[in-house]
Every structure is written in structure tokens, then in C-alpha cells.
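2 protein chains.
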Amino acid sequence: MQAEIISIGEEILSGQTINTNASFISEKLTEISIPTRWIQTVGDKKKEILEALKIAKKRSDVVLITGGLGPTHDDITKQVATEFFKSKLVEDEIVLKNVKARFKKRKITMPKINEEQALVPHNCLVIDNVSGTAPGMMFEQKKQIFIFMPGVPFEMQDMMTKAIVPFLQEKNKGMIIKNLIINTIGIAESVIYEKLDMAKLKDVEVAFLPGLGGVKIKLTVKEKKEVVLDQKLAKAQTYILSKIKDYVYGYGDLSLEERVAQILLAQNLTISVAESCTGGLIAHKITNVAGSSAYFKGGVVAYNNELKNTILKISQSLLKKHGAVSELVVKAMAENVAKITSADIGLAISGIAGPGGGTADNPVGFAYIGLYYKNKTTVKKYIFNNDRLGNKKRFAVAALGMVREKLCL
Amino acid sequence: MQAEIISIGEEILSGQTINTNASFISEKLTEISIPTRWIQTVGDKKKEILEALKIAKKRSDVVLITGGLGPTHDDITKQVATEFFKSKLVEDEIVLKNVKARFKKRKITMPKINEEQALVPHNCLVIDNVSGTAPGMMFEQKKQIFIFMPGVPFEMQDMMTKAIVPFLQEKNKGMIIKNLIINTIGIAESVIYEKLDMAKLKDVEVAFLPGLGGVKIKLTVKEKKEVVLDQKLAKAQTYILSKIKDYVYGYGDLSLEERVAQILLAQNLTISVAESCTGGLIAHKITNVAGSSAYFKGGVVAYNNELKNTILKISQSLLKKHGAVSELVVKAMAENVAKITSADIGLAISGIAGPGGGTADNPVGFAYIGLYYKNKTTVKKYIFNNDRLGNKKRFAVAALGMVREKLCL
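Listed in order, the protein sequences are those of chains B and F.
Under my numbering, read the first sequence as residues 1 to 409, first letter to last.
Under my numbering, read the second sequence as residues 1 to 409, first letter to last.
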């Protein structure tokens with residue numbers, strides 16, 4: 001069984017609204033092993049909606065449509081569905097009762113226009129909307145299923161989880177799909193690819209998803225028997241780990257800062273940060289993890305040399321002799337921030353985020369990152385090629401990656 | 001001229017990645033008066049990509065395709081384009097040079113596989129990728145334009161803004177669509193709606209876009225004559241300002257931190273921040289603005305009381321008596337961070353981001369924000385209803401909003 005999603009709405013086409021409905025639906029379908037193969041987005045125009053339905057009818061087993069079911073003039077999906085499925089609109093008493101009850105509960109007089117919501121195509125199955133007034137509609141024809149849902153996210157989500165997912169799960173017997181996402185840090189997509197012999201991974205579908213936070217490797221397997229599926233995934237995972245183990249920091253949704261949190265908590269260590277070019281982003285990332293106060297002492301954003309001297313106690317002579325972006329200054333920043341805040345680990349960075357400030361020796365995208373731990377300080381050089389915000393993000397990820405590397409490899 | 005977007009990627013179909021690329025592209029196209037009428041999302045499968053291209057060829061003037069241009073096996077868009085446009089792949093010396101230069105700059109040995117990125121269809125125009133290795137490709141056939149871009153968001157965004165938008169703007173003459181986005185802070189969507197008489201705005205299309213950074217009001221006008229269009233926009237803008245002027249901090253892409261930058265630079269003032277619950281996010285936001293070193297002295301992320309005492313010099317007795325989340329502590333944080341860093345303005349925050357740590361008096365989402373300026377300190381209370389990251393973002397925006405309010409209203 002293969003699915004297709006049709007998202008209806010001018011606000012999506014204009015870029016004003018991001019299509020989170022489609023990703024919600026496809027995620028739910030993936031969970032019940034129904035792959036989404038197509039997503040179409042069209043406007044609130046009869047011709048376009050009809051064309052999208054015709055295209056979907058030719059190729060998909062189940063078609064999920066959202067949007068355009070509201071009571072106002074710009075919502076035309078119900079009329080178009082009525083035409084497409086050669087129906088006529090009839091009043092549904094239960095829907096009318098529900099709509100009236102919703103307004104009564106909120107002590108609002110029901111605008112006349114809402115009565116129209118109780119008009120539904122005679123040949124569809126009505127799906128109850130527990131969170132709003134527009135009902136869902138399902139058309140089943142020759143083993144093909146068309147399901148219309150409202151575009152309001154929480155109404156659609158309720159309908160999806162409570163009614164449609166259980167229904168489709170029942171319909172879809174047989175194949176199981178599972179994913180495994182392997183999160184890496186500090187290795188380029190093409191380097192991973194070179195290290196892996198794809199022939200050894202022929203049992204799984206492999207996708208590389210690069211981003212500023214590292215490359216994710218997504219493995220997908222489709223099988224009839226769960227035990228076979230799990231074996232294939234485990235075999236592929238073992239092979240990948242045998243080749244790039246040191247770069248893998250975790251799986252699935254786990255972020256690098258969450259991994260660092262696990263490591264620090266497990267080893268009962270505290271950390272402080274001294275940031276220059278990242279301007280607070282490393283501290284922000286660390287504190288995005290709930291409970292970070294257990295291991296994060298705090299940070300100093302020493303954006304100019306004055307603060308490097310007054311708060312971080314970097315001597316003026318060292319700053320003058322080597323410059324703020326230098327191995328020795330970053331080393332001192334890492335050591336001093338740990339000392340000043342009584343933290344076990346001091347993490348420090350100084351570099352050039354850009355777009356200005358680059359020199360031949362210290363170009364834009366260049367940074368030193370220093371890590372103090374157990375009376376030893378490691379300083380590494382990094383160079384990235386992004387814009388200001390992109391460089392800040394890469395720097396922060398590299399810094400957190402250094403903590404993981406130091407404590408965990 | 002009507003546009004169509006084809007997003008290629010299994011990660012979008014599975015719901016793992018939200019299709020923000022499509023909304024970015026359509027937003028940029030809307031800005032240059034090119035409406036997007038269709039968005040298709042397909043997987044990294046030859047048959048599906050070919051079908052999507054065929055469908056688009058029948059109905060759209062310009063087709064923008066993203067994804068599947070990387071160097072690994074799962075990226076097949078280039079091969080499919082080569083087949084679709086009856087091309088053959090030839091080596092492009094400039095691309096090869098660029099790819100090699102990127103690796104050289106980062107001092108990484110280039111994996112052999114990257115050489116393939118320099119192979120491009122002989123009948124396309126190559127679009128330079130300034131942020132990555134996969135070049136873009138443009139095919140122009142019988143007044144139809146097909147543009148292929150990488151799926152990595154920042155690479156696509158760079159290509160879009162630097163090369164493709166100017167190119168398409170030149171191509172697209174006729175009806176003019178213009179937007180005006182009015183950025184507000186500190187006022188809820190429903191309150192704006194109540195204050196405005198929509199009948200007075202009938203000449204423009206009005207959309208309210210609420211977000212964690214405030215509500216944006218988007219005005220859209222479509223006209224043949226630019227002068228009529230500009231008049232309608234100006235009239236609507238004047239009316240809106242007459243009703244909610246104090247909440248409007250700027251227009252278009254201008255971020256609140258950029259507005260704060262303008263204000264500080266114009267008044268020749270410096271600022272420092274002392275953060276607790278925002279964990280570095282205020283400093284991160286301030287330093288996202290290029291050139292922020294001119295007015296930003298630095299910050300202290302005093303995540304625990306120890307640092308509030310040792311670095312920010314808040315007395316233990318004050319902390320003990322009132323607690324870290326208190327008006328008096330935040331007042332002292334703002335004053336002391338300004339003093340310690342010799343800044344004109346001290347901005348401080350202490351609160352509860354959640355999910356844990358809330359009490360009856362200081363619930364999750366609650367914060368005090370303090371602003372020291374010219375020997376006076378203002379402290380305000382804020383309460384928000386989001387998750388941890390959402391609360392951090394709201395807090396940071398509120399803090400920057402206080403700076404704007406203090407210096408500019």
C-alpha cells in the first residue's frame with residue numbers, strides 16, 4: 001500500500017506557511033509501514049485540485065488530502081470532492097448536532113454559515129472532527145481510498161491519530177518498514193561514502209543527510225517478517241560502526257548536546273564555556289537540554305579583549321603578543337574559565353565568524369577551540385566555509401564534538 | 001510567469017524532514033511577483049523524478065528542483081536530468097577547480113568521489129555553488145526554465161538569493177506583486193486584529209503571521225501599475241501605524257536584534273548581558289548581527305548561583321534572601337554586568353525555562369528581565385506558555401524588546 005498526500009492552500013504555495021501537515025501525516029504513515037511516495041501542494045482553485053486528484057488516482061492506493069474544508073468563501077475542497085466523486089450534498093444530522101454543540105459549549109451564537117458544514121457528499125463516510133467543526137470525509141472506490149481532512153493542524157492531527165491511522169493500519173497487512181538513523185560528527189559525507197563499501201549494505205536502503213550539525217545516515221528496511229528486518233538493520237549498523245565508529249555519537253533524534261549531557265552526567269563532570277566568535281551559541285545549545293544545570297556551571301561571552309582580560313584574566317601582554325585568535329589565548333581561556341567557575345572542564349573558542357574580520361592567517365570561518373580537562377589543555381584548529389550564522393553553528397558543533405571526543409573516545 | 005517546485009528526497013516523504021526548502025523558494029518567488037502554483041515532493045527514484053518533471057513540463061513556466069545533487073549513490077537527480085534533457089555529462093573545469101579549492105581551504109584531502117561533481121550536462125548553464133560542492137544547473141527550453149539546486153538548505157538559499165532570484169526577476173515582466181511585512185513585538189495577534197478595522201484595509205490582502213519572535217503583518221497588493229500599488233500599500237501602512245505604532249519595530253527581513261543594533265549604533269551605546277534562563281541565547285542573537293562587536297561588550301551566562309556571586313558579584317545574602325529568580329537579583333545582575341564590563345547598558349534575565357524547576361510563585365515560563373541604563377534600572381515580569389526552547393526564545397525576544405522600548409519609544 002502506497003500513500004500520496006495532497007496539501008491544499010494558497011498560504012503554503014506563497015511560502016507563508018511551512019507544510020508541517022504533510023510531514024506529520026507521512027511520519028504517522030511511516031510508523032504503520034505505509035510509505036508516502038508523492039506529496040502534491042496546490043492552491044484553493046477548483047481546476048488545480050481536480051488535476052491533483054486525477055494524478056493521484058492514477059498512481060496511489062491511499063490519498064490523504066488536507067485543507068479547504070472550512071466554512072468561508074475560500075474553502076472549496078468539499079465542492080470539488082463532490083464533483084470528482086459524482087456525489088450530491090446531503091445534510092448529515094450527526095454532524096449538524098456536533099457543530100451546534102461546539103458553539104453552545106463555547107456560549108457563542110452559531111453563525112448561519114456553519115450549518116453548511118453539515119452538508120456532506122452522499123457517497124462518503126463521514127469522519128468525526130473532535131476538535132473543530134469541519135468533518136472529514138472518506139471515499140473508498142475499487143480498493144482506492146481518498147481521505148479528506150481539515151487543514152488546521154490540531155484538527156487534522158486528532159483525526160489522523162484517532163481515526164485514520166487505526167483504520168489504515170487494519171487495511172495494510174503485510175510489509176513492515178523500519179528506519180535507523182545514525183548520527184555522525186566530524187566527518188564529511190563523501191568521506192563516509194569512501195569508507196563504506198556500499199555492496200556490503202545492499203540489504204538496506206541507505207541515505208546520507210548532511211547538515212550543519214553533522215551527517216546523518218538513514219537506513220531503511222522493508223520486510224514481511226520483523227525478525228528478518230531487525231537482523232538486516234543490525235547487520236548494516238554493525239558494518240557501518242566497524243568503519244566509522246569514532247564519528248558516530250548516537251542514533252535517531254539524539255542531538256549532540258544531549259549526547260554531551262549523557263557523557264557529563266555519567267562521568268559526574270561539570271563544564272563551563274568561554275566564547276568569543278560563537279557569541280553564546282555553545283552555552284545556548286548546552287542549556288537547551290533540560291536539566292543542564294546539573295553539569296553546566298555557566299559561560300562567559302568575551303566578545304572583546306577587555307572582557308577576556310577583566311573576566312577571563314587573560315593577560316594584556318598575551319593578547320597583544322599573540323592576538324585574540326591564537327592558540328595560546330584560547331588555551332588560557334579554556335583553563336581560566338574552568339578555574340574561575342570551578343568547573344572540571346573548560347571549553348573555549350576564538351575565531352572569525354565573518355563576514356568581516358578575516359586576515360590571511362585567520363580567514364573567515366577559522367577558529368581555535370580549546371578544551372581543558374584534568375590539567376591538560378588540547379587546542380585544535382577548525383576552518384569552515386559558511387556565512388556568519390552557519391560558521392557560528394559549525395563552530396559550536398565542533399566544540400561540543402571535541403568534548404565528546406575527549407571524554408568518550 | 002508561473003512557478004512549480006519539485007522537492008526531491010526520501011527524508012521529506014518519510015516525514016523526517018519538514019519541507020522548509022519549498023517555502024523558502026516560494027517566499028522568494030512571491031517577493032519577485034512570480035506565483036508558485038504547484039509543489040511536488042518525490043523520492044530519490046528515477047521513475048518518480050521523471051514523472052514529476054513530465055507533469056511540470058506540461059503546466060509551468062519555471063520549475064525549481066531541489067535535492068539529490070550530492071556525490072553519493074542515493075543522489076541521482078543529475079543523472080535523471082541528463083536523461084530528461086537528452087544530455088551527456090562533460091567535465092566542467094571551473095566546477096572542478098571550485099570543488100578542489102573548497103577541500104584545500106579546509107585542509108582536507110578531497111575524496112575521489114567529489115571529482116564527479118564537476119561532471120555536468122553539456123546543455124545546461126552551470127550555477128556556481130558558493131557554499132558547497134554540488135553545482136546548480138539551469139536548462140532553458142522553448143521559454144520554459146528548469147533550475148536544479150542542491151537540497152542542503154544553506155547552499156540552496158545562497159544560490160537562490162545570489163543567482164536565481166535576480167535572473168528570474170529580469171525574465172518576469174508584467175503584473176507586479178508587492179508585499180510589505182510589518183514586524184511587531186509585544187502585542188498578540190488577536191489584540192492587533194481587534195485594534196484594526198479590516199474594512200479600512202480592503203485594498204490590500206492582509207495576513208497575520210504569529211511566531212515566537214512576535215506577530216508579522218503581511219500586506220500583499222497585485223497591480224499593473226507600480227504607482228497604484230505603492231499608494232495602496234502606503235495607505236494601509238499609514239492606517240496600521242496609526243493604530244499600533246508603538247509595537248512596530250521594523251519592516252521586512254529586519255530582525256529585532258538588527259533593529260537593536262541600529263538603535264545602539266545611532267546612539268553610540270554599548271551593551272552587555274547577564275543571562276540565566278536564556279543560557280546564552282540573548283548574546284547569540286546579538287552576535288548574529290555582523291559588526292556587533294562595535295556595541296556588544298560581552299555576556300555572562302550565570303547558570304548557577306555560584307557564578308552569579310563570583311563573576312556578577314551578587315551577594316550571597318541577596319541570593320539567599322530573595323532567590324535567583326527575583327526582582328532584586330535581576331536588578332543587581334543588570335547593574336553589575338554593566339559595571340563589570342564598562343558597558344552603557346546592562347541587560348539581565350532570570351527565570352524558569354522549564355520543563356522542571358517551576359514553583360507556585362515562579363512557574364515555568366516566568367522570568368524577570370532587568371535593564372540598566374543611565375543610573376536607572378527597570379525590571380519587568382514576563383510569563384510565557386511554551387516548551388523549554390520556546391520559552392528561551394520568547395524570553396530573549398522580550399529582553400531585546402525592552403532595549404528597543406527603553407531607547408526608542
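Hints in this document: simulated from the structure, not taken from any laboratory.
Computed from a predicted structure; not experimentally measured.
Treat the hints loosely; a few may be bogus.
SDA-like, lysine to any residue: derived pairs with alpha carbons at most 20 Å apart [stated by the list, open to error]:
hint: 1; chain 1: F; residue 1: 162; chain 2: B; residue 2: 205
hint: 2; chain 1: B; residue 1: 243; chain 2: F; residue 2: 113
hint: 3; chain 1: F; residue 1: 100; chain 2: B; residue 2: 385
hint: 4; chain 1: B; residue 1: 381; chain 2: B; residue 2: 407
hint: 5; chain 1: F; residue 1: 105; chain 2: B; residue 2: 187
hint: 6; chain 1: F; residue 1: 105; chain 2: B; residue 2: 358
hint: 7; chain 1: F; residue 1: 54; chain 2: F; residue 2: 32
hint: 8; chain 1: F; residue 1: 105; chain 2: B; residue 2: 362
hint: 9; chain 1: B; residue 1: 218; chain 2: F; residue 2: 17
hint: 10; chain 1: B; residue 1: 202; chain 2: F; residue 2: 76
hint: 11; chain 1: B; residue 1: 178; chain 2: F; residue 2: 74
hint: 12; chain 1: F; residue 1: 47; chain 2: B; residue 2: 407
hint: 13; chain 1: B; residue 1: 202; chain 2: B; residue 2: 186
hint: 14; chain 1: B; residue 1: 57; chain 2: B; residue 2: 171
hint: 15; chain 1: F; residue 1: 235; chain 2: F; residue 2: 220
hint: 16; chain 1: B; residue 1: 216; chain 2: F; residue 2: 18
hint: 17; chain 1: F; residue 1: 54; chain 2: B; residue 2: 48
To spell it out: a stretch of chain F is covered by chain B in this simulated footprint if at least three of its residues, at any positions, have a beta carbon under 8 Å from a beta carbon of chain B; those stretches are [to be verified]:
hint: 18; stretch: 16-22
hint: 19; stretch: 311-317
hint: 20; stretch: 372-381
Chain F is faced by these chain B residues, among others (derived, beta-carbon under 7 Å) [stated by the list, open to error]:
hint: 21; residue: 36
hint: 22; residue: 40
hint: 23; residue: 84
hint: 24; residue: 87
hint: 25; residue: 111
hint: 26; residue: 186
hint: 27; residue: 194
hint: 28; residue: 288
hint: 29; residue: 294
hint: 30; residue: 296
hint: 31; residue: 305
hint: 32; residue: 341
hint: 33; residue: 388
Note that the Cβ used here is the ideal one computed from N, Cα and C, for glycine as well.
- Find the hints from earlier in the document that the structure breaks and name them by number, from lowest to highest. 1, 7, 12, 13, 19, 20, 23, 24, 25, 26, 29 and 31
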